[in-house]
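Top to bottom, those sequences are chains Y and L. For what it's worth, this note's numbering labels the leading residue of the first sequence as 5, then goes sequentially. For what it's worth, this note's numbering labels the leading residue of the second sequence as 120, then goes sequentially.
Please note that the accuracy of each hint is not assured.
Dumping the calculated SDA-like pairs for lysine to any residue here, alpha-carbon to alpha-carbon at most 20 angstroms [to be verified]: (1) Lys104/Y <-> Gly132/L; (2) Lys276/L <-> His303/L; (3) Lys276/L <-> Glu183/Y; (4) Lys276/L <-> Arg191/Y; (5) Lys51/Y <-> Glu183/Y; (6) Lys51/Y <-> Arg191/Y; (7) Lys456/L <-> Arg443/L; (8) Lys276/L <-> Gly132/L; (9) Lys457/L <-> Ile408/L.
I should point out that these hints are in silico values taken from the structure, not numbers from a laboratory. In this text the structure is predicted, and so the values were computed from the model without any measurement.
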Amino acid sequence: MSALSFRLPWQSQQRVLPGFGLSLGISLTFVSLVLLLPLTGLVGELKGMSLSQYWAIITEPRVVASYVTTISGAAVAAVINAAFGLLLAWVLVRYDFPGKRLLDALMDLPFALPTAVAGITLATLYSSNGWMGQLLEPLGWKVSYSWVGIALAMAFTSIPFVVRTVQPVLEDLPAEVDEAAMALGARDGVAFRRVILPHLWPALVTGTGLAFVRSLGEFGAVIFIAGNMPYETEITSLMIFVKLQEYDYAGASAIASIVLAVSLLLLLAINLWQGRFIRRLHGGR
Amino acid sequence: MSIRLENIQKHFGRSQALTPTNLHIDNGELIGLLGPSGSGKTTLLRIIAGLESPDAEVGPRILFGERDVTRVHVRDRRIGFVFQHYALFRHMSVFDNVAFGLTVLPRRSRPSSGEIRAQVYRLLEMVQLEHLAARYPAQLSGGQQQRVSLARALALKPEVLLLDEPFGALDAKVRQDLRRWLRHLHDELGFTSVFVTHDQEEALELSDRVVVMSNGRIEQVDTPDQLYRNPANRFVFEFLGDVNHMEGEVREGVLTCGDAKLHVELPEGHQEILLRPHEVTLSTSADEIAHLPAIVTSVVPVGAEIRVELTAEWMDQPWLATVRHQEASTLGLSRGKKVYARPLSWHHYPQGTSAAAQGAAQPA
Numbered sequence: 005m006s007a008l009s010f011r012l013p014w015q016s017q018q019r020v021l022p023g024f025g026l027s028l029g030i031s032l033t034f035v036s037l038v039l040l041l042p043l044t045g046l047v048g049e050l051k052g053m054s055l056s057q058y059w060a061i062i063t064e065p066r067v068v069a070s071y072v073t074t075i076s077g078a079a080v081a082a083v084i085n086a087a088f089g090l091l092l093a094w095v096l097v098r099y100d101f102p103g104k105r106l107l108d109a110l111m112d113l114p115f116a117l118p119t120a121v122a123g124i125t126l127a128t129l130y131s132s133n134g135w136m137g138q139l140l141e142p143l144g145w146k147v148s149y150s151w152v153g154i155a156l157a158m159a160f161t162s163i164p165f166v167v168r169t170v171q172p173v174l175e176d177l178p179a180e181v182d183e184a185a186m187a188l189g190a191r192d193g194v195a196f197r198r199v200i201l202p203h204l205w206p207a208l209v210t211g212t213g214l215a216f217v218r219s220l221g222e223f224g225a226v227i228f229i230a231g232n233m234p235y236e237t238e239i240t241s242l243m244i245f246v247k248l249q250e251y252d253y254a255g256a257s258a259i260a261s262i263v264l265a266v267s268l269l270l271l272l273a274i275n276l277w278q279g280r281f282i283r284r285l286h287g288g289r
Numbered sequence: 120m121s122i123r124l125e126n127i128q129k130h131f132g133r134s135q136a137l138t139p140t141n142l143h144i145d146n147g148e149l150i151g152l153l154g155p156s157g158s159g160k161t162t163l164l165r166i167i168a169g170l171e172s173p174d175a176e177v178g179p180r181i182l183f184g185e186r187d188v189t190r191v192h193v194r195d196r197r198i199g200f201v202f203q204h205y206a207l208f209r210h211m212s213v214f215d216n217v218a219f220g221l222t223v224l225p226r227r228s229r230p231s232s233g234e235i236r237a238q239v240y241r242l243l244e245m246v247q248l249e250h251l252a253a254r255y256p257a258q259l260s261g262g263q264q265q266r267v268s269l270a271r272a273l274a275l276k277p278e279v280l281l282l283d284e285p286f287g288a289l290d291a292k293v294r295q296d297l298r299r300w301l302r303h304l305h306d307e308l309g310f311t312s313v314f315v316t317h318d319q320e321e322a323l324e325l326s327d328r329v330v331v332m333s334n335g336r337i338e339q340v341d342t343p344d345q346l347y348r349n350p351a352n353r354f355v356f357e358f359l360g361d362v363n364h365m366e367g368e369v370r371e372g373v374l375t376c377g378d379a380k381l382h383v384e385l386p387e388g389h390q391e392i393l394l395r396p397h398e399v400t401l402s403t404s405a406d407e408i409a410h411l412p413a414i415v416t417s418v419v420p421v422g423a424e425i426r427v428e429l430t431a432e433w434m435d436q437p438w439l440a441t442v443r444h445q446e447a448s449t450l451g452l453s454r455g456k457k458v459y460a461r462p463l464s465w466h467h468y469p470q471g472t473s474a475a476a477q478g479a480a481q482p483a
């Protein structure tokens, strides 16, 4: 008889910490309202559309060109951030210098700053008569209204992802580990490549992946500097915006669903991959 | 390989971690650096290793045998270093950890992978961990990790092995085993070892000679036996075991402190005597030498002896006395019983000097 009785797993034992039911309930409600409901709405928009219509919208040449621009921009931004984010995290964790706290706080600025503000600032700075633009243009480096500007804006808004994921892992790596490697005769480069980098690798890949995903969806910071020339410097988020302005809600949703699917898949892949690594570092197989 | 240290001094910012220090360690010796935290023992060890550099202005010199290594980087000093928290490479298997030193050798002196394999297994066999070669550090116990770390440090056959509180993070039983095992390894392989510890028992048990340090200074360097019997000063005496204090005025050869009186041969004035727990006996009555009334507050059997804690108004801190089981039952020791302590002998360190005086309180 007892085998048939229904029992929820969390009812089997008395909890010491109160409020489990209430807090979980509120959390789930919140997640549903804020995350799931809009996502469902997005998919709902697509229901009036046939598969061929959907396919036609998402493979429209101008949209495909925007995928290429977005992905290559985000990829360049992610690689730049991986290198400089790692360096920044290293400097912030391993050295003491005046102004360290300030630099640390500054790392969060791209999160806190409205992306449109960042976009306008960058556009002003790098336009042909801006401070940086004036210097770079004669050298033949055109930043604004080109993919370089897009990558730059994406890198600006997503650098905290790398710094903030690598930093705690680096703090967790005791200085003794480098000392051990050096006492065993390893040159600096060898110690870094064989001892420090493998330890940071999962965090670095995760941070870079998050930065990449974030860059895929970046809008505010990019559109001011990108120039938005069709087939050349239009990003996918802008295509969604354009569709919306034309009151083509279904078209906008179709493109948005692609961005959403790619982002979710990447996040899932990063999490699975990272889980494997972390299990090894902490024992269980 | 012998180690000679001359004028080793270290400041961290404005605080002085080591006052200028000289030390000579003979070839093949096992030396314990003993001291409380902040005594400079770890700093001294790290300077020997080359992980810290001594202050340059006092002309420091570090010699390994005839080789001057003062300005030699840690990676070229050819030492083995064992860290308190093992510092194993967590992303590498046990095998790869031990092989690390061999695999980072410059290409022309690097052994072939077959030789590395054979050598690593030889080392793992020595630390009795060859069956765990494929495991990751996180899957090992603390004692096993420390053995891996030792095997790793020994892979390059260093002539100097330095250990920073190597057993500090392990539990008592494992620590005991590893100590015995380190002693054995040291005697068998014949390297020179220096280890840091704050545990006086560990230092006395394991070392050929112990360097006792406090406040960035070497207080005494001696064999464990000499150290215990002839402590150079009050600090060493107090650090090497439990100590009972009695402080008071000496007048006409009697040290008085509250209602406690003891005949001593000390100059007139304010004096303090120190005694070890085994130098205290207990009786039910006072005699003409000592009148030291006290109340028993705890009676704890510790192995072959019974440890008795005593309090009285004249004591600043409770006294400890160790008595035999038989004695304890004759006296009928129990909590709350009033007894009289009688020193068998005592120690006296005059203020501001390192000379020691000892006295024996034999019945007249």
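Compare the distance between the alpha carbons of Lys276/L and Gly132/L with 20 angstroms, and conclude whether the hinted pair is satisfied.
-> Measuring from Cα to Cα gives roughly 36 angstroms; hence the hint is violated.
Pair hint outcome, Lys456/L versus Arg443/L [Cα-Cα no greater than 20 angstroms] = holds, 17 angstroms
Measure nothing beyond the straight line between the CA atoms of Lys276/L and Arg191/Y; if it is 20 angstroms or shorter, mark the hint as holding.
-> The hint holds at about 19 angstroms.
Restraint status (C-alpha distance of Lys51/Y to Arg191/Y at most 20 angstroms) | Outside the cut-off at roughly 61 angstroms; violated.
Given the hint that Lys51/Y pairs with Glu183/Y, does the C-alpha gap stay at or below 20 angstroms?
-> Answer violated: Lys51/Y to Glu183/Y is near 61 angstroms, above 20 angstroms.
Pair hint outcome, Lys276/L versus Glu183/Y [Cα-Cα no greater than 20 angstroms] | holds, 18 angstroms
Take a quick look at whether Lys104/Y and Gly132/L sit within 20 angstroms of each other, Cα to Cα.
-> holds, 18 angstroms
Quickly compare the C-alpha distance for Lys457/L and Ile408/L to 20 angstroms and report which way the hint goes.
-> holds, 18 angstroms
Is the Cα-Cα distance between Lys276/L and His303/L 20 angstroms or less?
-> holds, 16 angstroms
Of the hints listed earlier, those the structure fails to meet are numbers 5, 6, 8, in rising order.
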